[in-house]
Amino acid sequence: MSELRRDPIIGRWAIVADKEESWGPDNYDKEVHERKHKAICQFCPGREKQTPPEVDAIRPQGSAPNKPDWIARAVSNKFPALRIEGNLDKRADGIYDVSNGVGAHEVLIETPDHDRDLADLSVDEIVNVIRLAQSRSISLAKDRRFKYIMLFKNYGQSAGTSIEHAHSQIIALPLVPRYVLEELEGSLNYFKFRGRCIYCDIIAQEQQEQERIILDNEAFISFCPYVPRYPFECWILPKEHSSDFCYLSDHDRHQLALTLQDVLKRIKTTLKDPSYNFYLHVPPVNYKESQSYHWHIEIVPQLSRVAGFEWGTGFYIVRTEPGVAAETLRNYSPE
Amino acid sequence: MPEFRKDPVIGRWVIIATERARRPGTIIDPQRVDKKDSQECPFCHNQEPEIYTVPNKDPQASSPWSVKVTPSGTPLLKMSPQFKRRGHGLYDVINDYGVHEVVIETPDHIANMADLSEKQIAYVMNTYVYRFKELSQNKNFLYVIAYKNYGWAAGSRNIGHSRSQIIASSVNPLAVKEQMSRAKKYFDYHDRCLFCDLIRQEKNDRKRVVTESEHFIAITPFAPRFSFEIWILPKEHHCDFVHGVAGKELDLARILKDTLTRLKIGLADPSYNYVIQTAPFRSQERGARWPTIEEDYHWHIEVMPRLTRVAGFEKGSGFYICSIPPEHTAEFLREVELS
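Protein sequences, first through last, are from chains L and X.
Start counting the first sequence at 21; every next residue gets the next number (my numbering).
Start counting the second sequence at 9; every next residue gets the next number (my numbering).
With the rest of the complex left out, here is chain L (with noise of 0.2 Å):
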């Protein structure tokens, strides 16, 4: 028997297929990644006067910016969403509201290799990323029009790519995310009326049924949670509350590039390399109810189209049910 449930944090419900009746890796089409760009591929080491120019990079010492031997690199996106000159201009257009597309959209390029994901990576190159992800992050914060910092990966076609070379994205924004806010706000809300921290209940919960851990480690915790949005969706937590995702102990920045990697290993094996998005969500820049919220990372597989329903209603249909893709995410052991 399938079952409505509801996200306690915003209130979205989920239809959830049933155990027995749920979908394994299977189930979903399959989808292939070629690469065969390689030969003309922008992100590659000597073509770095191809993209604008870096704002920041992880390279060896003595290595100087825009020549070929660093390690990460973070440059401005060639075709930005949104442009970093300007003010907001808010104005009305009849009943509409409009204001100008301020805000910066800069690329982090994850490794100079052509043929490899981030899953693909060592811990200690997912370290330098989240390092060049980390300074970006404080640097944009800085900039007083934004209001939030966000980060994101798109891996394969489905997940809205074209671009084969590892890649993720930061977009600072004028305004905070409406899914951010329904959280803050969710989140807020649980912590005036029962003074603890929502995201550290469900980790108590999860932790306590066991049913939906992917794995538990030192200072992370992953797991398919109980509503989700997408089949095989994964969410990391630190386990210790947290607001920010910024500073790190170098202990758990390593921590966190052991987890990243390994559940990105678990997707591409147990489910066959399919495209997948992840992006933070951490708190607006100074936010001040720091208690009550938490940063985490929210990974989706693509493995299966939104439709008609989804859009119309903001209820997700899942044929998964996660304690069943967490069991399928779990029995893989990487090397």
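Counterexamples of contact, computed for chain X against chain L with all Cβ distances above 12 Å:
#1 E56
#2 V217
#3 G255
#4 L346
Just so you have them, the derived chain L footprint on chain X, three or more residues with Cβ under 8 Å:
#5 159 to 166
#6 175 to 185
Because the hints were derived from the structure by calculation, they are not lab data.
The beta carbon of each residue, even a glycine, is placed where N, CA and C say it ideally should be.
Given chain L's structure and the hints, the job is docking chain X onto it.
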């Protein structure tokens, strides 16, 4: 300069990214999959029990029905004997109480609703009306929705047989609540319907109007989620589909066919979804809690071509990035030559 635009109905912001603007018509769905032929089609050879049919009285007709409603072959909601709520730790759970039906829109193996006759599409609209009325009798249901998934990218299995789906549920979906509450706020403030104001402005501006019929207007919304998104709105105010469409079914079929044909010809037969957005069921008790709902809300149809994939930014933020301004897509669609 790119723009942030706010949708007045949902309050959702979208980014109109003019810097990466693409010419209308150059976005073509990369993932079209070939359709199954009629031999393998489960809707040509449908053995599911009938819930409702529109009979075809023509003795020459190959099929005794024109439109047929059956239970979904892969239902996610079923009529469990009882409606049950329970808690699971922090979470709220309801059993799978609900209805999930398939509307087979034609006995013929035709894939796209754009290729059905106006009369046939009107039968489909009548079928929705009939089912909505029936389902509203069940007091446990708060909401019913009719929607269509056409093509792989829109979540369909690409069987190649025109159909849509109906779901009735015992909870009001979040998106519907948001629309309703914004429409109500607007009404509280202005004493006018938000949608009626929107239609007035669009008729005045003309730049986002795609096509118009006697009773309906099709526009590209000011802050769309998808390139070439289209809303079909009834010019006359009514909060729900069942009563609002009465007597205008054929005119609705006409503008729907016109709209879908423009998409098909102009954009090389893209995948698309449509959704009928209508007010929740209004029983006596609930009406009392929300006395102005009939004035606040305005039923309509949202048509969403699926030319690009939703990416991490959209999934994580709820923001949408639209690479062509709706003024351009409306102009493009207006100029499509219909045969």
